[in-house]
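J.: If you're matching positions, the sequence shown starts at 2 in my numbering and goes up one per residue.
Hints in this document: simulated from the structure, not taken from any laboratory.
On a predicted model such as this, the values are computed, not experimentally measured, just so you know.
All C-beta atoms in this analysis are idealised placements derived from N, C-alpha and C, irrespective of residue type, glycine included.
Just so you know, not all the hints are guaranteed correct.
Said to hold, decoys possible - Subject to a maximum C-alpha distance of 27 angstroms in a straight line, what follows is the list of computed DSSO-like cross-link-like pairs (lysine-lysine):
id : residue 1 : residue 2
1  : Lys405    : Lys436
2  : Lys587    : Lys628
3  : Lys361    : Lys485
4  : Lys348    : Lys361
5  : Lys348    : Lys459
6  : Lys485    : Lys530
7  : Lys402    : Lys369
8  : Lys68     : Lys49
9  : Lys511    : Lys449
10 : Lys361    : Lys402
11 : Lys506    : Lys402
12 : Lys511    : Lys405
13 : Lys49     : Lys78
14 : Lys449    : Lys485
15 : Lys509    : Lys436
16 : Lys530    : Lys459
17 : Lys68     : Lys278
18 : Lys377    : Lys361
19 : Lys290    : Lys372
20 : Lys460    : Lys436
21 : Lys449    : Lys517
22 : Lys517    : Lys436
23 : Lys348    : Lys369
24 : Lys348    : Lys372
25 : Lys278    : Lys78
26 : Lys185    : Lys151
27 : Lys203    : Lys68
28 : Lys530    : Lys405
29 : Lys485    : Lys511
30 : Lys402    : Lys459
Stated by the list, open to error - Restraint-style ranges between C-beta atoms, simulated for each label pair:
id : residue 1 : residue 2 : range
31 : Thr512    : Lys573    : 17 to 27 angstroms
32 : Asp483    : Gln419    : 15 to 25 angstroms
33 : Asn335    : Lys8      : 42 to 52 angstroms
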Amino acid sequence: MTVEAQKETRGFQTEAKQLLHLMIHSLYSNREIFLRELISNASDAADKLRFAAVKDDSLFEGDSDLKVKVSVDKDAKLITISDNGVGMNREDVIDNLGTIAKSGTAAFMQNLTGDDKKDAQLIGQFGVGFYSSFIVADKVVVTTRKAGDKPENGVRWECDGEAEFVIENTEKATRGTTIELHLKSDADEFADDWRLRSIIKKYSDHIAIPIVMDKEVPAEEEGGEPTIEEEAVNTATAMWTRSRSEISEEEYQEFYKHVSHDYSDPLTWSHNRVEGKLDYTSLLYIPAKAPFDLYNRDGARGLKLYVQRTFIMDDAEQFLPLYMRFVKGVVDSNDLSLNVSREILQKDPNIDSMRSALTKRVLDMLTKLAKNDAEKYATFWNEFGEVLKEGPAEDFANREKIAKLLRFATTHNDTAEQTQSLDDYIGRMQEGQDKIYYIAAENHNTAKNSPHLEVFRKKGIEVLLLSDRVDEWLMSHLSEYDGKSLQDVGKGELDLGELDNEEDKEAKEKTAEALKPLLERAKGALGEKVEDVRVTHRLTESPACVVVPEHEMGAQMRRLLESAGQAVPESKPIFELNPEHPLVQKLDQEQDEDRFADLVDVLFDQANLAEGAHLADPAAYVQRLNKLLLELSNG
């Protein structure tokens, strides 16, 4: 097939089209980032070639000096970014430049706010940096050839920012990719050599290969012609190999943006060199903003892996546990083979040692952040707290350290946003209190207003208010902290230990004995709906509540599993009645068994509603309630 016959016009994928429109019409708040994104892509292409060449050095095609070249033609208003990295073939070009091959695209588009600054950050997080070209250019031309392909298999891609792009075969003597940006009329400021150099120094100094620009060198002899030579604009050293004392805070922040595709600064980072039995360097970052796919446990995650400064793979997930999937950064090992694969990493005992050490380092970073900067830690918790809550179930060895980092809303505060640590809670425990009390519910208000808290309010005992989907699962793996057991106040018999005096206990036992006939009548009326009916020790204001049996799954966990389509074991609640409440006293005096049954059913359904549960038969509840209201109004 001839080159001309290979020319075709294609439409963009819908999401790519929307992004293009956004780039062209909205994002002007920080236009210079286009150069950072394109240089970052070029650096990645060089990394991929170096890795591929470990197995086949012929891919270098006699040129192993990897670099990125930036040039500008002021008169033509043209910027060119070229690399001699791995390059692309026709299929790669269509996949990489015509579509967004990443899950969560729809969620990304839904999160766009119309606020230019916020949307620019979203785009960076989502990792679609190539499209930033259209912030400054009204036409983009990409010429590329994959390493190892023949010169005639080059590909030319052109787009003017509209709904379509043109792709055709072309001759390209050298491997790699060249991007030509034809600048918009309002982007003249970037057609300037000094301006581009300053952007490169600002954003890309950490890139480990040279970023070169042409420099005019005066002639040695008077009257002679000046010469042009390439000059590296960046430091061109793998940043993590440098001493911490040599690296500025700004350089650390820009390197984070390079490895994470996040426009925001990180909350904190840790740069460490380990020597001895294992020899490796790590540079780990805690982001300030959660990515779209944070709760997709199967999504891409992990650190960039280098071996002796040679890039091996993105998203090497073996170095950190799943609950730390928010961590970004680099690990560079001197002990692994350049031919290492994901399968080999899973079997290498050295990886287990590195994983353990890196996990502790992340926990230490978070502990230090919580201690030294409460505001930044609150930002971390709001973004990543639910993921960290997965830790105690997955990482038994570090369960206590993780628990120290957890934060909870409690009855001590007014809002869900005001959170406390378990140490804060323990510091306020009453004399004689030996348990940490909590309640789990579907949302914060349901937890906060639960009837189960009435006796705790009366006695001034603080209770943790849990409403995240993962909370009940967390508590099933966190039964103790700092020697104190954690107790769900909505499960089993309520045990206040020394907080209950002997007189109270004796009075409750007498009351329970006196109300045996009522309890038996109520249990008979409810039948199979309940496991038991008993006198409550929890309520001071409400007439009744439902309690989950001691060793059964809580209501929150049941709803979570049911919503995921999973079968859950059958469970019947325990129904508790408050003998001090006028409604219960009236119930005890009711002689009409049908009316008694209606009253018990109404109290039972109300108790379920107070827990945030959905009634099995809402219509029956309404009919009974209306019937009782009519009887009341009639007399």
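J.: Starting from Lys485, check that the Cα of Lys511 is at most 27 angstroms away, please.
T.: violated, 31 angstroms
J.: Taking 27 angstroms as the top limit, are the C-alpha atoms of Lys49 and Lys78 close enough?
T.: violated, 31 angstroms
J.: Between Lys185 and Lys151, is the straight-line Cα distance small enough, at 27 angstroms or below?
T.: violated, 34 angstroms
J.: Are Lys377 and Lys361 close enough, with their CA atoms no more than 27 angstroms apart?
T.: holds, 20 angstroms
J.: So if I understand the rule, the pair passes when the alpha-carbon distance is 27 angstroms or less; does Lys530 with Lys459 pass?
T.: violated, 30 angstroms
J.: Lys402 and Lys369 were given as a pair; does the straight-line alpha-carbon distance stay at or below 27 angstroms?
T.: holds, 12 angstroms
J.: Does the Cβ pair Asn335, Lys8 satisfy 42 to 52 angstroms?
T.: holds, 49 angstroms
J.: CA of Lys511 to CA of Lys449, is that 27 angstroms or under?
T.: Violated. Lys511 to Lys449 sits at ~31 angstroms, over the 27 angstroms cutoff.
J.: For Lys449 and Lys485, compute the direct alpha-carbon distance and say whether it is at most 27 angstroms.
T.: Satisfied, since the Cα-Cα distance of roughly 23 angstroms is no more than 27 angstroms.
J.: Does Lys405 lie within 27 angstroms of Lys530 when you go C-alpha to C-alpha?
T.: With a Cα-Cα distance of about 40 angstroms, the restraint between Lys530 and Lys405 is violated, given a limit of 27 angstroms.
J.: Need the status of pair Lys511, Lys405: alpha-carbon distance at most 27 angstroms?
T.: violated, 42 angstroms
J.: Just to be careful, I want the Cα atoms of Lys517 and Lys436 compared with a cutoff of 27 angstroms; is the pair within it?
T.: violated, 30 angstroms
When the structure is compared with the earlier hints, violations turn up for hints 5, 6, 9, 11, 12, 13, 16, 17, 21, 22, 23, 24, 25, 26, 28, 29, 30 and for no others.
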